[in-house]
Amino acid sequence: MNTGILKPTLAIYAAIFLLFLYGPLIILAILSFQSQGGGPQFPIQEWSTYWYRHLFGVTETSRVSQLPVGDALVRSLILAFMTTVVSTVLGTMSAEAFRTRFKGSGPVFYLIILGMMVPGVLVGLGMALLSNFAGIDRAWWGTAFVLHVVYTYPFAFLVMLAIFNRFDRSVEEASLSLGVSPAQTFRRVTFPILFPGVLSAMLFSFTLSYDEFSRTLFTVGRELTLPLAIYGTFSVEIYPNIFAFGVLTTLFSFTLLVVYGLLMKRFTSRRARFSGQEEAA
Amino acid sequence: MLKLNGITRRYGGTAALDGLDFTVPDDTYVSLLGASGSGKTTLLRLIAGFEEPDAGEIVLGGERLDGKPPHRRDIGFVFQNFALFPHLSVQENVAFGLKHRETGAIASGSELTDRVAAALDLVGLTGFGHRGVGEISGGQKQRVALARTLVTEPRLVLLDEPLGALDANLRARMCDELRAIRERLKVSFLHVTGSETEALTMGDMVAVLAQGRIAQAAESTMLFHQPQNPAAARHLNAWNLLAGTVTGGALQTPVGRLPLPRPLADGTPAQLAVRFDQIDVAEPGAVPPGQDHFTARYLTGEFNGPTTLSFFRADDGELIQVVDHMSNPRLPDLEEGKTYALHFSPEAALLYEGAA
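Protein chains in written order, with the working numbering: chain A, 1 to 281; chain B, 282 to 637.
Just chain B, with the same shape it has in the complex (with noise of 0.2 angstroms):
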């Protein structure tokens, strides 16, 4: 189990993490959500030890591992870029680790034989070891970057955004693959990337990460369907926020007053969140008993393949959004420039205390 207690690092002025607490359990897969600055492979670099907090404390295992160096850590570390060595072939860059370590390298040539066979087996490059890095392709490069580090058995292994260099095709087989990796080695990833689909295909565990903290970090439907903060709502790129003030037991936001789930004091500053996909369409007037609504005016529609995402902007200039299955449509047929009430149940909006 890896915990991290209080830890801030500081460039300059600015605190890239700020007194952040978090754990990985052991055999778990572990997605970082956030967004590019947040800090997220600042804190993957602070676990690997190439940089070191400015304070807190990071425990491994019941060992403190900040102030070790780096290669007394026993943490692997799965480049962006891959960064494997140019100038080795792929069998002499799995081997790397096992040969040149500095605690239980290996002499036997049959064992290191062995050992990086198997390991090129378990991801699926048997028969490549005698190729160049230079000669095989991103997925490949990808493949044997992961082997250079399973090879060693750490006790965690952190991959920073490791399917980011892929072209999608290649980036969706490759998750299943980590996945099933995972699951034969029994060892934790803390996966991060940006994107919210990639964290919450991967992840058994969900962390997002914003303004140098972790903002919640849940089993991923329940992080999707029940985000516990402003923050983590916005990153998982599903939620329209509608910020405003509690006045007279309802929520007066630049789009008109709406009810609020459970009552609050007035003046409270306070946040709805509704999803994208919870939002209904409506003409002024027709809208069914029951729902809360505002009205907005329909931009333009974005259309993604199997579903459709549509663009509405309030009068006050806030932009909602709202998906529209193919399968099963919900909208009518919208025409540009026009006003439309937009509704959704008052069980499926959330209610965040707390200015925006």
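Chain A extracted, bound-state conformation (with noise of 0.2 angstroms):
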């Protein structure tokens, strides 16, 4: 194609793709601001922060009665903590063991990524029903925990594979040849060199884990977690103050998000900085 039709026609195409990316979110960001009379549509009745008080019951008593996600919230972020830690040591065993071809290593890899390609729903009803039938109760830190481990699992497997493909053996050899024992070296040597890519891993675990829905739905028994009690609000009536707690939660992912930015870019820095020409020694 020609240049000069390409060139403008990819721009209009990023940009299409950009809006469809973020512009829900706008759209809620903007909404969030809405008055106390106003509902959650356009027009904007007037600019005020007044869900965003309202959310953390700041504001006089109204008929709206305050968003119940401050447990379900709790109970996300530990659930979420705790897959990303499992999921990520699980994830990096498993790759680390991948790095030899050992016997039956082809059915296990099939079986690991399953994990991550079994639909939710069904995974989610299955499992309701086992824990039924094994007379287990269902909790948000059991039976879904199990489920949320299963599914983000192969993802943290798959992210740790590629990063020790690239991982080259001989520095760690080089670092026994030193007189370091194993242990030290993999302090020292191994799990930095790795560690960006524990963190990508563990990013995965965290986020996928954290707005999980159809896993936790059937899994999760009587203490909600988040995604499933911002969407018992919904059968009831939909006010701004959902809008609100919205942008604060995308904030706090893209904190998240420059965490790992700032982490990864304090790792790799070094090996980056110097990219060029090889002078003579």
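Think of the hints as simulated: they come from the structure by calculation, not from any bench.
Cβ coordinates follow ideal geometry from the N, Cα and C atoms, glycine included.
Heads up, a few of these hints could be off.
[Claimed, not checked] Simulated restraints, written as ranges between beta carbons of each label pair:
{"id": "1", "chain 1": "B", "residue 1": "Glu333", "chain 2": "A", "residue 2": "Leu257", "range": "43 to 49 angstroms"}
{"id": "2", "chain 1": "A", "residue 1": "Lys103", "chain 2": "B", "residue 2": "Ser317", "range": "54 to 60 angstroms"}
{"id": "3", "chain 1": "A", "residue 1": "Lys103", "chain 2": "B", "residue 2": "Arg345", "range": "29 to 35 angstroms"}
{"id": "4", "chain 1": "A", "residue 1": "Leu114", "chain 2": "B", "residue 2": "Asp395", "range": "53 to 59 angstroms"}
{"id": "5", "chain 1": "A", "residue 1": "Thr100", "chain 2": "B", "residue 2": "His606", "range": "48 to 54 angstroms"}
{"id": "6", "chain 1": "B", "residue 1": "Glu338", "chain 2": "A", "residue 2": "Ile113", "range": "43 to 49 angstroms"}
{"id": "7", "chain 1": "B", "residue 1": "Gly586", "chain 2": "A", "residue 2": "Ile113", "range": "54 to 60 angstroms"}
{"id": "8", "chain 1": "A", "residue 1": "Ile238", "chain 2": "B", "residue 2": "Asn362", "range": "56 to 62 angstroms"}
{"id": "9", "chain 1": "A", "residue 1": "Phe17", "chain 2": "B", "residue 2": "Ala388", "range": "44 to 50 angstroms"}
{"id": "10", "chain 1": "A", "residue 1": "Ile113", "chain 2": "B", "residue 2": "Asp395", "range": "50 to 56 angstroms"}
[Said to hold, decoys possible] Here are a few chain A residues that sit away from chain B, every Cβ distance over 10 angstroms (derived from the structure):
{"id": "11", "residue": "Phe42"}
{"id": "12", "residue": "Ile44"}
{"id": "13", "residue": "Glu46"}
{"id": "14", "residue": "Phe145"}
Put the two chains together into one complex, using the hints given.
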């Protein structure tokens, strides 16, 4: 194609792409500043931070009840954190195992990957039936947690597999040949080099678990996680306080991303700094 | 002194090393020459402890090494790809072993700094300590890798094709420096390479690895002039080998009958070896008296700067190479496709008993 047409076409495509990506978020953000009397739609009657204050319960009592998300938020964060730790550790360990072709590694690989392939609703339902059958109470920290790990572990595993693929084993051997014990070698060499990858695996696990819906739906028991709690409020009536809450959680996610970015930068800057021509020694 | 006795290492059904015996003397630069896939890297990895032999024993200074974990062997290893720690600076790379090793780690900051500075001095990298390992050139990386190994004062240093990743210019300079550094430290270096020139340049002693064993280990000029067996001769890339069977007091080869330097019984398979630079070329029928000869067709010449390599094809397809030195040309003007007589002095030929 002629580059004269190509460039504007791609530019328009990119613009539309970004619009669809961030459009919903922007609408949400704007509507969250609706005044007390306004509904969850345009036009904005008056700009205010009323719904934010309402969210934190610092407004005078109103006919709209406060969003029941406080406990759910804490639960979701704890659950996401637990899932992150377990999935990343499991993912790292199994990726390490896959560095050597062991017997049956092919089937095992697909069995692990299956966890992210199977439909969430089915797994959730199956888990609910299974726990009923086995007489186990459903709970966010039990049955739901197990499913979250099953779901996020393959992602962490794949990330770590890619990281290990690029990892040059000879640096570990170099460390050993310098008289450094295997444990210290892992701590001083392997882990620092792999850490950016571990961070990515953690980010994946955390975000996937944090807004997991379908698997959690049937397995969470009485105490709801955040996505379910929010969904629960939809069945009553929607007020802009949910938008305010959405904006805050999005900000929280962005903060996580920034922390991730900063950590990444700190750990990778030294390798990337030089890219110039090699001169004779 | 490092002694290897009957070292065997198999991968699947094939033996990479097959009952190898070898001794690395103290305070010596030893080069180990082998074709790619000959098991030379495997041998180094066995000595370093990254792999274990299936049979045989490794003894260093009277102490059995095999079965010991690599970090307790006190053997340095310099990798072909340098294997520097990418997340550490040059200084931290060099300090790494001293600081974190299991026994004899140095806690004192000033001693550490001094030792690291001395090591960087030794390899000519004074003042580079603060740089990241991504900010230095290939030759400098090689020096850091060397400094990092030497600073821990290992009993033996293994170098796995340490110059392989460097360009030709740098390689020549690193050769000299490696020898100089080793002489100052009085520790043995075992340097593995696939290049015969590198092996001959570097080694006080050169060992040729072929078919999973040491074909010959000797001082480098000795090895070059008197390879003991066809395998050693072949690896030097300087000898033409003519295989045949003894019949009627001469060696019947595909290029014709050649006289034997010493008598062998009829029916014995044998090989004659003649060095590239000891073959002269003449018109057929103009062979000087007293010279052995055979005929071959001139294929082409390869100009290598100070030397020219000429390729001849004997009637049976055997490829014969002849080296001519520019400053002292021996060869007549050669015409491609024409047949010449290749002659050599009977004393120049080496005779090996046994089939090719």
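Isoleucine 44 of chain A and chain B, when compared Cβ to Cβ, separated by more than 10 angstroms: holds, 51 angstroms
Take the C-beta atom of leucine 114 of chain A and the C-beta atom of aspartate 395 of chain B, compute their distance, and say whether it sits inside 53 to 59 angstroms. Holds, at about 57 angstroms.
Could you check the hint for me, namely that isoleucine 113 of chain A and aspartate 395 of chain B are 50 to 56 angstroms apart, CB to CB? holds, 53 angstroms
Does 43 to 49 angstroms hold as the CB distance between glutamate 338 of chain B and isoleucine 113 of chain A, or does it fail? holds, 45 angstroms
I want to verify a distance hint. Is the separation of the beta carbons of lysine 103 of chain A and serine 317 of chain B within 54 to 60 angstroms? violated, 30 angstroms
44 to 50 angstroms was suggested as the range; check whether the CB atoms of phenylalanine 17 of chain A and alanine 388 of chain B agree with it. violated, 57 angstroms
Please confirm whether glutamate 46 of chain A is truly not at the interface, meaning its C-beta sits more than 10 angstroms away from all C-beta atoms of chain B. Holds, since 54 angstroms exceeds 10 angstroms.
Can we confirm that no CB of chain B comes within 10 angstroms of the CB of phenylalanine 145 of chain A? Holds, because the least Cβ-Cβ distance between phenylalanine 145 of chain A and chain B comes to about 34 angstroms, which exceeds 10 angstroms.
10 angstroms cut-off, C-beta based - phenylalanine 42 of chain A kept clear of every residue in chain B: holds, 52 angstroms
Is the hinted range of 48 to 54 angstroms satisfied by the C-beta distance from threonine 100 of chain A to histidine 606 of chain B? At roughly 52 angstroms between Cβ atoms, histidine 606 of chain B and threonine 100 of chain A fall inside 48 to 54 angstroms, so the hint holds.
Holds or violated: the 56 to 62 angstroms window for the beta-carbon distance between isoleucine 238 of chain A and asparagine 362 of chain B? Because 60 angstroms falls inside the window, the suggested range holds.
Given a hint of 29 to 35 angstroms, does the C-beta separation of lysine 103 of chain A and arginine 345 of chain B actually sit inside it? holds, 32 angstroms
The structure does not agree with the numbered hints 2, 9 stated previously, though it agrees with the rest.
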